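Here the protein sequences line up with chains A and B, keeping their order. Here the first sequence stands for residues 1 to 285, numbered as in the numbering used here. Here the second sequence stands for residues 1001 to 1593, numbered as in the numbering used here.
Rather than coming from a laboratory, the hints here were simulated on the basis of the structure. Model, not experiment: these values are computed from the prediction. Only true hints are included.
A few chain A residues that face chain B, going by a derived Cβ cut-off under 10 angstroms, partial list only: (1) 13; (2) 38; (3) 45; (4) 78; (5) 82; (6) 115; (7) 231; (8) 258.
Heads up, the beta-carbon is just placed ideally off N, CA and C, and yes, glycines get one too.
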Amino acid sequence: MSARGVVLAGVGGQGVVLASAVLAEAALQSDFEVKQSEVHGMAQRGGAVVSHIRYGETVASPVVPLASADVLAAFEWAEALRWMPYLAPRGALVVDARRIVPPGACKDHRTWGVPYPAMDAATVADRAADVLLIDATGIAAGLGNPKAANSVVMGAVSRFLDIADVAWEKAITRFVPPGTEELNIAAFHAGQEAGSVRPEDIPDLGLDPIEERNYRIQVDHSWCKDCGICPTVCPEFCLAMDHAHRLVVVDEAACIGCRLCEALCPDFAIRISVGEPAAMSGGAS
Amino acid sequence: MTTLSVRADRALLSGNEAIARGAWEAGVHVAAAYPGTPSTETLQALAGYDEVDSRWATNEKVAVDVALGASLGGARAFAAMKHVGLNVAADTFMTASYVGVGGGLVIMVADDPGMHSSQNEQDTRLYARLGLVPLLEPSDSAEAKDYTKLAFDVSEEFDTPVLLRSTTRISHNRGIVPLETRREVAVRGFRRDPAKYVMLPAYARGRHPVILERLERLAGYAGDLAAEEGTDGRVGIVTAGVPYQYVKEVAPDLRILKLGMTYPIPIERIRRFAETVDRLVVVEELEPFLEEALLAAGLDVVGKAFFPRTGELSPDLVRDGLAALGVADPRPPVPDAPTTVTRPPLMCPGCPHMVPYWSIKRLGATVTGDIGCYTLAALEPLATMDTCISMGASIGMASGMAASGGSDEPVVATIGDSTFLHGGVPALMEAVYNDANMTVVILDNGTTAMTGGQEHPGTGTTLAGEKARAVDIPALCRAVGVEDLHVVDPYDVSATLRAIEQAMAYRGTSVVITHRPCVEAPLRVKDRPFEVVPDNCTACQLCMNLGCPAIVWTDEVFEGRRKVTIDAAMCTGCTLCAQLCPPRAIVPVEVQA
Ligand SMILES: Cc1ncc(C[n+]2csc(CCOP(=O)(O)OP(=O)(O)O)c2C)c(N)n1
Ligand code: SF4
Ligand code: SF4
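Construct all of the structure, not just a fragment, from the sequences and the given hints.
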């Protein structure tokens, strides 16, 4: 029998490392040889985290080869997609149907769009023998604490592995925070029963692109006394004081039209309007 | 975190934990390190064993100095660091080789092929050759423990420091390790021997031939440690470390010569092995270290033509190489990953590093950066760092940048407290001494956050958790001659902005110390969270520019822009976004009566 391979993926802070410790321990309790490999370091701060677990009679590589994972379990949708190449075509995909949209992903100021991938089970349907899109966070919340979502996912994972419940339960007891053992074991069993949800039923963030707009910045230099207030509030650094301490418009194209400068100018010397940026930005209006 | 899972006589240990266990079982007395991924947990695990004096050193050179001193005192001594740490320690390391040891001296160095969390992927084996020091390379956790013990014995038997090379895939992998008991070794005591320990030229000349003779004997030892396996001699693989596991995974029947000691290279042993196979192949991560030596020895061998020189190897890359050599099946086609979103690491909600960078960005400067959590300020939305090279380089580079006259804007060096003490202090002295026109911002968050929140000489606590005298950083700056010195709380936005502005206007070397604990260590900060009053939010995104991950966009649009909301579970209540918000839309969450 060749070694079994499981890839666990999620976002830093979601408990990927803890869940993989539980699986490794459960395999050890079942008298298998076990190797587990994770990469941490910078990945812990909101970044993508992945852990590989391999167990069997003998295990050589601690890393799961591509297209050979028996199970890919992800605690988040975009992370499931990221590690998909590790999943064997005969394998099982388990995903907690939730989205964690990284803040940077929203930060395209021209379109305000989000490149976060749509949650569409069809994207993954033909890539695994079994696909389980479960509402693990919802199930865990129903049991009293959404943080037990990992145990729900691991319960779903256990359906595809040859590790007995007692070994899982021992491992969970060993690793979860004291006082939460019962909750996590209940969550684990709930995961063993959980059925797939339809992605349509999961509330979407729906951050669709917004219409792109351009703005003009008009400074009336006969009113402006170069006090320097507006450059300190402009979130996009469109305005600056030059070496002679004179207000200049340095980047009109970056203007998002928030009109903070307009609102905070004590002399009503600056105006923002929708329209194409003037060719001669910074000139008197 | 307790990952140690004990089942009577065996445990599931990471490579780092296994090395710590090995050092303890070998009877180590003194251990010193400076944190660095992926080596950090080794000393933390050793600190759990009462018999060992484990301590954080100011930097890697000091760690090796401490370990060498302990060794000459007759104790078994250990030092640990990441690969680039050995650059810092190289001066002592190179001459420690001449001096030899008293008690066994083992220096663990963890390489980071693939640069999961490093600024380069240098190969420590080249240091072994430079220093003429033996190097052991374990291939999993169990071997990591065994080789650590072996390293102490080799050190004493051959009178040499020993390098123990780990990599990310050893240090951060867990495997089953049989547990044994500690062997108590007596401290031998210091024996005065100037010709051996005082490296005056006349004495050092006498030592160099001794080292070369030692190396020859060690090559014999390395040959004995090498193990042959497999039957399929179409190719014979010479390998070590985790690549050995990949070869075993992909082609378990191939003839393999697995090396345990990869320096000195047991050339004669490999020559004998070569005679039993059709074609000799080296599978090694990073540099063609073995390959070039074998070519130089006149052996017909291939390696880097089939296996990449950059990045980590993997079972898949090893398969590609072996398939090209005709001894493995090519990998099955793997469909690409569906398009997904990039997810770079982020500063924590309430990170005290946000406002200093936000302020520098406002003021405009050329920023020489350094290494720590604050290096994330190089990314959007702060995007306020122009260089990042090595620990402590920011200050010297700012001095040089100012001297060049090549920057239109003021020159600012930014550096964390741990990094400042590690390598920044000598550079600050240079700047003050030569009257460099620049500003140093010392981001004092009272911990070594990047590597997980370790203590350092400025924190007032030791690795063992005992109280210690803390370096007074403002007094230190004054003592080296800094006259324009500001200490501010980076949770006070306007005070921070003003202090940095004043320091930048000063003609000469000025220092701003931003003083506020990290929200993760030593204590996890969680204050009353803030929320956004949607009706008051004008979607100006000023708060977004802090880079706080608790602030996220919503679907509500105002004048074509998204409004924001705050994830209350993440918010630490630092008040920074509320201080910035022009329409005062950010307010503390109502306390439920
Ligand atoms: C020579 C060297 N040693 C160790 C490291 C690993 N390392 C990176 S940043 C860092 C310390 C950062 O601490 P500090 O400067 O206080 O900044 P913080 O992360 O707390 O913001 C360490 C130890 C390294 N990159 N190079
Ligand atoms: S760990 Fe500390 S220093 Fe690092 S990003 Fe978080 S708050 Fe900032
Ligand atoms: S108060 Fe604002 S800046 Fe501070 S942690 Fe909360 S959301 Fe982030």
